[in-house]
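Chemist: Each chain is listed here by its residues.
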Amino acid sequence: MIPTFPAIAWPALLPILMVSGLGLLLLGAGLYTDDEETLGWGALAGLIVAGIVTLVLVGGESVRTFNGTFALDGYALFFDWLFIAAGALIVLMSMGYLGETDIEVGEYYALLMFALVGMMVMAAATDLIVIFLGLEIMSISVYILVGSWRTQPRANEAALKYFLLGAFSTGFLLYGIALIWGATGSFRLDEIAARLPLADESTLLLAGIAMLIIAFGFKVAAVPFHMWTPDVYEGAPTTVTALMAVAVKSAAFAAFIRIFLWGLAPVHADWWVVLWVLAAATMTMGNLLALAQRSVKRMLAYSSVAHAGYVLVAVTSGSADGGAAALFYLLVYMFMTVGAFGVVAAIGRAGEPLENIEDYAGLATRSPLLGATMAIFMLSLMGMPPLAGFAGKFYVFSVAVQQDFIVLAVVGVLNSVVSAAYYIRLLVAMYMTPEPAEAPALGRRPYLIASIVIAAGFTVLIGVLPALGLQVARLSFLSMQ
Amino acid sequence: MNVLLSMVVWTPMLGALLILLVPRDNPDGARRAALAFSCLTFLLSLTLWLGFRLDTAEFQYVEAYAWIPDFGIQYLLGLDGVSLFLVLLTTFLTPLVVLFSFGDITERVKEYFFFVLMLETGMLGAFMALDLFLFYVFWELMLVPMYFIIGVWGGARRIYASLKFVLYTLTASLLMLVAILYLVGIQAESAAMTFDVRKLYDIGLTSTEQMWLFAAFALAFAVKVPMFPLHTWLPDAHVEAPTGGSVILAGVLLKLGTYGFLRFAMPLFPVAVAAATPLFMGLAIVGILYGAAVAMVQPDLKKLVAYSSVSHLGFVVLGMFALNVTGIEGAIYQMVNHGLSTGALFLLVGMIYGRRHTRLIADFGGLWKTIPRFSAVFLVVTFSSIGLPGLNGFVGEFLILLGTFGRSPWAAAFACGGIVLGAVYMLWMYQRVVFGPVTHEENAALTDLTRREIMVLAPVVTMIVVMGVYPTPFLRAMEPSVEALVARIEAAQARALPKDTASQQPLARSARPFVQGGCAPAEPEGGSSSAGALAGSLDDTPSSHQPPADCATEVRS
Chain Y
1 MIPTFPAIAW PALLPILMVS GLGLLLLGAG LYTDDEETLG WGALAGLIVA
51 GIVTLVLVGG ESVRTFNGTF ALDGYALFFD WLFIAAGALI VLMSMGYLGE
101 TDIEVGEYYA LLMFALVGMM VMAAATDLIV IFLGLEIMSI SVYILVGSWR
151 TQPRANEAAL KYFLLGAFST GFLLYGIALI WGATGSFRLD EIAARLPLAD
201 ESTLLLAGIA MLIIAFGFKV AAVPFHMWTP DVYEGAPTTV TALMAVAVKS
251 AAFAAFIRIF LWGLAPVHAD WWVVLWVLAA ATMTMGNLLA LAQRSVKRML
301 AYSSVAHAGY VLVAVTSGSA DGGAAALFYL LVYMFMTVGA FGVVAAIGRA
351 GEPLENIEDY AGLATRSPLL GATMAIFMLS LMGMPPLAGF AGKFYVFSVA
401 VQQDFIVLAV VGVLNSVVSA AYYIRLLVAM YMTPEPAEAP ALGRRPYLIA
451 SIVIAAGFTV LIGVLPALGL QVARLSFLSM Q
Chain E
1 MNVLLSMVVW TPMLGALLIL LVPRDNPDGA RRAALAFSCL TFLLSLTLWL
51 GFRLDTAEFQ YVEAYAWIPD FGIQYLLGLD GVSLFLVLLT TFLTPLVVLF
101 SFGDITERVK EYFFFVLMLE TGMLGAFMAL DLFLFYVFWE LMLVPMYFII
151 GVWGGARRIY ASLKFVLYTL TASLLMLVAI LYLVGIQAES AAMTFDVRKL
201 YDIGLTSTEQ MWLFAAFALA FAVKVPMFPL HTWLPDAHVE APTGGSVILA
251 GVLLKLGTYG FLRFAMPLFP VAVAAATPLF MGLAIVGILY GAAVAMVQPD
301 LKKLVAYSSV SHLGFVVLGM FALNVTGIEG AIYQMVNHGL STGALFLLVG
351 MIYGRRHTRL IADFGGLWKT IPRFSAVFLV VTFSSIGLPG LNGFVGEFLI
401 LLGTFGRSPW AAAFACGGIV LGAVYMLWMY QRVVFGPVTH EENAALTDLT
451 RREIMVLAPV VTMIVVMGVY PTPFLRAMEP SVEALVARIE AAQARALPKD
501 TASQQPLARS ARPFVQGGCA PAEPEGGSSS AGALAGSLDD TPSSHQPPAD
551 CATEVRS
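Taken in order, these protein sequences are the chains called Y and E. Under the working numbering, the first residue of the first sequence is numbered 1, with each subsequent residue one higher. Under the working numbering, the first residue of the second sequence is numbered 1, with each subsequent residue one higher.
For reference, chain E alone in the conformation it holds in the complex:
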C-alpha cells in the first residue's frame, strides 16, 4: 500500500516531537530542525504532484486502515484535484514561515516551532482525510497550536483574540460533529456503519434532513472561511497573531473552510445547496463589498490586509456556489492565489514592522527612495492581490466571474464592483506607504531586504508570476475532479428537483468550454474581460499579459 500521503502528513509531526528534545538553550538547533523538516515535507509533497494522474477523477494515493472498527472509522487518506494544490500550498508556505520566524521569534523558540509543525500536520491531514471522523480530528487538531501561537507570541490583546478564535471555531465545529453523527446514523440504518465520505455521498436524505445537516456543516465552514457576518474573529486574530501565525492563518487555515464546502457540505447535501445558493451568493457579495469598504478605511496595515481577506474569500465562496466547473476551478485557483498573495503581504508587513515597530500607514511614506527592493516586491504582491492580468490573482478572479455570470449575471456585476474597490484600497494604501516624500525621519534610515528575507519572498513572487502566466498545468490537474464534483451535484439535484435544474443546466454547460484545456485566462482581445479592464484602467500600468500561444489559438478556434 502507498504510504506517501502518510509520510507527508506525519513528517512535520515527527519534526515537532524531535524539536521537543532539543535543549532549551539551543534555539538555533530548533530553528534548523524546523526548517529541515518543513523543507523535507515540501519535497515529499512535490512527488505527489509528479505522480498525480490527470486522467481520473478518483482519489489517488489512497490509504485505508481500520482505526476504530466498531464504528467503521478508518484512517483513510486520499488526494484529488481539489486538494492537491491546497496540500502543496501548505507545504510551500510552512518552510517560508519557518524561515521568516528565524528572526521574528526570539522567545520560547522551541515551543513556537513545535506548534508550527504540529499545525502543519493538522492542516495537511484535514486536506487529505476522507473519513469524516479523521477529518474532524485533524480539523480540531489545528485549533490547539493556532491558539497557542496567537496567545503566546501575539500582540497586546492576544488573549482576547485567541479565546475569541477558539470559541467561534469550536461552537460551530461541535455542531458539525452532531451533524456528522446524525449523518452516519442514517447510513448505519441500511448498511454497515462507516465514516467514509465516498460512501456517504450516496445515501438518500430527505430534503428536511439535508437542510439541517447542511446548516450545521455550513456554519462550521463559514466561520472558518470566514463569511460575513461570522467574520468578526478574523481581524482580531490576524492583528494579534505573530507574522508567522497570520501567514498560516490567512494562507491556509481559511482555505479549510472553503475546502470543507467543496469536499463535504456541497456533495453531501446537494439539494440543500440548491436552495441555499441565493443566500450564500448574497452573503459572498456582501462580504466582498463590506470587506473591501472596511479595508479601505483601516489606518493599520495588518488590519487592512485582514479585511481584504474577508473580501477575497467572498470571491472564492461566490465561485464555489456558481456550481459549475469554471466557477469552482476559479475558486480553487483563487484559494491558492490568496494564500500566496496575502501570505506575502503579511510577511512584508511583518518585515517592515520588525524595522519600525509600527504598522500604521500614516507612519510611512516615501519608502521607494529608502528601501527600493522591499517596495518592488510589495508592488508585485499588491498587483497580484488586485488581480492584475499576468499575475495569478487575475486568473482566479476571471474564472470566478465567468462562472458566476453563467449562474447569475447580477451577482457577477456586483462582484466586479468589489474588484474596483479592491484596487482602490490596495493602491491607495501602496501609494501612501511607498510613494511621496519621506515624512518621518526614522524611515530614511531603514535597511532594505536582507538575504534571508529575499529567500523568503523570492519563491512566493516566482509562484505569483508563474501561476499568472501559465495556469494550464494547475487547471488541468483540477479539472477531472471538479467535473466529477459538478456532475455529482447536478445529478443529485436533477433527481430531487427536476424542474429547477432543467433550466440551470444549459448555463452550467455553456460555461464549460472556456476551461477545457485550461486556457480560460487567455482572453485574446482583453476588452471583453471586465476584470482585466477594470484592473488595467486603475493601476495605469501597461498590461504585460501575453496569453500562452497554444491556448490563444485554441480559444480563437
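Next comes chain Y alone, as it looks inside the complex:
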C-alpha cells in the first residue's frame, strides 16, 4: 500500500521555514566569517523579515495542517512574533557581547535560530508528539548554547547541569504523553478534549497529567523543579541567559497553556489544585530566595522563577481570560527581562563578569542611561504603574479574583511586596551608593544600548497604552480552538 501523505499548507509554515532557512544560511556563512556584527546584521535582517511576514499572516484564517497536528492560528502567531522579537533583541545584544567571548559566532547565531524554530513548533503544535519534537529541537540547541563559551568552566558546568536535568524532565514528558494516550487513545489535543468528559477519570489520566506538570514545571522553572535555574542562568553567557529566561520559558508556557487550557480543560477541576499550590510556592520561594542573592544575575534568575509563578496564577484560573492574561504577561515579561539582562551584559566586561550588586554602585552617575533603563526594568518587574509589568500583573490578578481565586491573588500581591525589597536594592546601589573610586570604565556598546533602549521603550509603551496588547492577547487565545 502506498502511504498517502496529508496535504500540507505551505503558506502557514512560512515563519518557521524562514527562520530555519536563516539558521542554515548563518551556519554556512559562519564558515567564511566570524565577525559578530556582519553575521548579526544578517540574522537581524532575516528575523525582521520573518517578523513582518508573521504580522501579515495575523488576522488570516486559522489553518490546521499535517493531519491536524499543527495549527497556524492566532495563538501560534502571537508566540511566533514574541519569539522573533525576543530573538531579534538578543541578536542585537549579542552583536555587542560576543566579541568579548570565545564563542564561535556562526554556530552561535545558527543555534539561536534553531532554538527559535523549536519554540515556534511548540507554539503551533496541537499534538503531544509534535510538542515533544519542538521541545527537543529547542532544548538541544539551548543545551549547546549554554556551553558555547567553551573556555569558561562555569559555562561547562551549567551546560552539563542543564542537559542532565533537561533530559530527565523530557523523560517525564514522554511518560506523561504515553499515559495520556493510554487514557484517551489520542495524541491530538482536540481529540483528547473531545473524549475527556466521556473517559473514565482514571488513575492513568491523573498520573499522565502529573507527569506533564512535572515536565513543564522543569522547563518553566516552577518550584520545586527550579533547582537548576540559578546555576544555569549564572553560568550561561548572559545573552543565552536572556534567551532562556524569556523565550524558552515562554515556549514551555505556550505548549503548557495549549495542553492544559484546551486539551485538558474539561478536567480543570482535577488539576487546578496542583497548579494552585505550584503557583503559590513558585512565587513565594522565587521571591524569598531572590532576596538572599548578592549576584544580580542569580537574583534575576530567581526573579524569573517568581514570574513563572505569576503566569501560573493565570493558568490556574483556567478560563479564556486566564489564558489571555498568561499570554499578555509573557509578552510584557519578555521586554522587561531581556532589557534587564541586557544591562547585566553591558556592565560586564571580557574576563570580568561584574555581576555582583556592588558592581552597580553609582551606575546612575557613571551612565545615566543605563541607570535609568535598569530602574525602569526593576520598577516594571516590581509591578509599578504605569509600566508594563503593572499591566501584566493587573490582568493576571484581576482574572484570579474574578474566578474566585482570591487567596491566590492575595499571595501574589504580597509576593510583589517581597520582590520590591530586592529590586529596590538595585535602585539603592545605582542611585544612592557612591561609585567606588576605581570603578571600571564602561565600554562603548552601541548595539547593547540599542537593544536595552528598545526594550525599555516597549516596557513604558505597553504600560501606558496596554489596550492593544490586551486585545491581541485575548483574540490570540480565543483563536486557539
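Keep in mind the hints are simulated off the structure, nothing from the lab. Hints are supplied without guarantee of correctness; some may be wrong.
Said to hold, decoys possible - If you only want the chain Y side, here are some residues facing chain E, beta carbon under 10 Å, derived:
no.: 1; residue: Pro368
no.: 2; residue: Met384
no.: 3; residue: Ala391
no.: 4; residue: Phe394
no.: 5; residue: Tyr431
What the hints assert, rightly or not - Computed footprint of chain E on chain Y, listed as stretches where at least three residues anywhere in the stretch have a Cβ under 8 Å from a Cβ of chain E:
no.: 6; region: 274-286
no.: 7; region: 395-402
no.: 8; region: 415-422
All values reported here derive from a predicted model rather than from experimental measurement. Yeah, the Cβ is synthetic: ideal placement off N, Cα and C, and Gly gets one too.
Position chain E relative to chain Y; hints supplied.
Modeler: Relative to the frame of chain Y, chain E by itself:
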C-alpha cells in the same frame, strides 16, 4: 470637551521631561524651569476655582476618554468640593518647595526637580481621578519619586527610611488593588465592567463583602494618613527626607490617605463604615493623644513636627468619621490647614538647619534677639498649628469638634485634651528655641531670613491668616459636595440598618445649621468654644479673632 484638568495634571510632567533635556552643567536652568512650570500649574489651577460652580454637588470639569476599553477603564478626571482645595494646596505648595530647594539642593539638581514635578503630577492625578484604575496608577506613581527624593537627597539613614516608606505603602495598596478587582468583578456580574467610581457607588454589596473590602481600602489609606498604629514609617521618612520632601510628604501626600477615605472607602462601603466608626474614632483619639505625647519629648525639631502630624491627622480622621456635614467640612479644612502650617514648620526647620546644621532644640535659644523676622514667622505658624482663633487651624479644629460632639460627646472631650497637649508641646518648643538668653555662640551670628526665604514663607503666612479670618468662600465651595456625600452615606446606611441610623440622624442634622452659609467659626461669645478657650488661655495672647460681620449676625439670628 474640557481639558483644563488634564492641563493642570500634565503641565508638571511636561516640565519634568523638559528638565531632563537641560544640560547637566546648568543647574540654574533646571531650577528656573521647575519654578516656571510649577507656577504655571498653580495659575492654571486657580482658573479651576474661578470657574467652580457652587450650586451643584456633581463633579465638574469632567473629562472621560476610553483608555482600556476591554476592561471598561477610562481616563476619567473630575473635581468637586472635596478635591478642589486639595488640588489647590498641591499646586500652591509645589512652587514654594521648588523655590526653597534653590538653595537647599546642590547635588543632582536636575534629577531632584524632575522627581518633584513628577510627584506633583502623581498627586494631582490622584486627587482628580474618578476611575479606580486611574486612581491606583497615580497613587502608585507618587511612590517612586518620593522614594527617590528621600533615598537620594535624604539624611544619614535615608536608605532605611525610604525602603520602609515604600514597603509599608506598597503592602497596603496592593491589597487595595485586590479589593478593587473584587469590587469591579461584582459590578461586572450585572452590568458592563467599569472602574468609574460614580457607578460603583451604587452597587449592592452584602455586609460581609463590605467589611472585607472596606478593610482593604482602609488599610491602604490608614497607612498613608498615617493612623495609629500604622504610623511608624512617618517619623523615619520625615526626619530623613530633605526639607522639600518633608513639606510635600506632610503637606500633600498624607492628605491622600484621608482624601481616599472620603472619596472611596466611605461612600463605597457605607454599611461597613457604620460598624467601623467606633474603632476609627478610637484610633483617631489614640493617635491625637499619642502623637502629641510623643512630640512633647522629642529633642529633635523635625521629629517633633513629624509626630505633631500624627496628632493633627488624628483630628482629620475624627472629623471624617463624625459622618456629618460639619465634621467632614472641618476635616477637609483641617487637611488644607495642616498642609499650610506643617509645611511652613518644615520649611522653617529646614531654614534654621541650613544655617546651624543641627535640629536639636537644645542647641537653640534666644533666637528672637538674633533673627527676629524668622522668629515672628515661626510664631505665627506655631499659633496656626495650635489652633489659635483668627488663624486657620482654629476653624478646622472647631468644626471637627463640633461635628464630633454631634456623634459622640466623649470623643470630642478626649480630642479637646489633644488640643491642650498640642499647645503644650508647640509652645514649650517655641519657648526653648526662641526665647531666653542666647546660650550658644553660634546662634549669635545667625543671619535673618533672606529675600528668597521671605518669598517662600509670605504666601503661606498670608493664607494662614486669610483662611483663619474669612473661611466662608472655602466652606461654601465644599458644602454641596459634602452634603451630597453625607446624604449618600446616610441613605445607604438607612437602607441597610434602619434601626441604627434612626437614632443617629437627628444628631447629624442638628449639627448642620452651624455651617450653612459657612459661618461656623464665628462664635460670637467665645466662651462656649472649648477649643478657643483652651488655646486662648494657654498662649496668653489676646484673641484677635473678629467674626466677619455678615456671619455674626446670621449666627445670632
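Chemist: Give a verdict on every hint.
Modeler: Checked hints:
1. Pro368: Holds. Min distance 8 Å.
2. Met384: Status holds, d = 6 Å.
3. Ala391: holds, 8 Å
4. Phe394: holds, 8 Å
5. Tyr431: holds, 6 Å
6. 274-286: Per the Cβ count (0), the hint is violated.
7. 395-402: Contact hint for the region 395-402 of chain Y vs chain E: holds, 4 residues under 8 Å.
8. 415-422: The restraint on the region 415-422 of chain Y holds, since 4 of its residues have a Cβ under 8 Å from chain E and three suffice.
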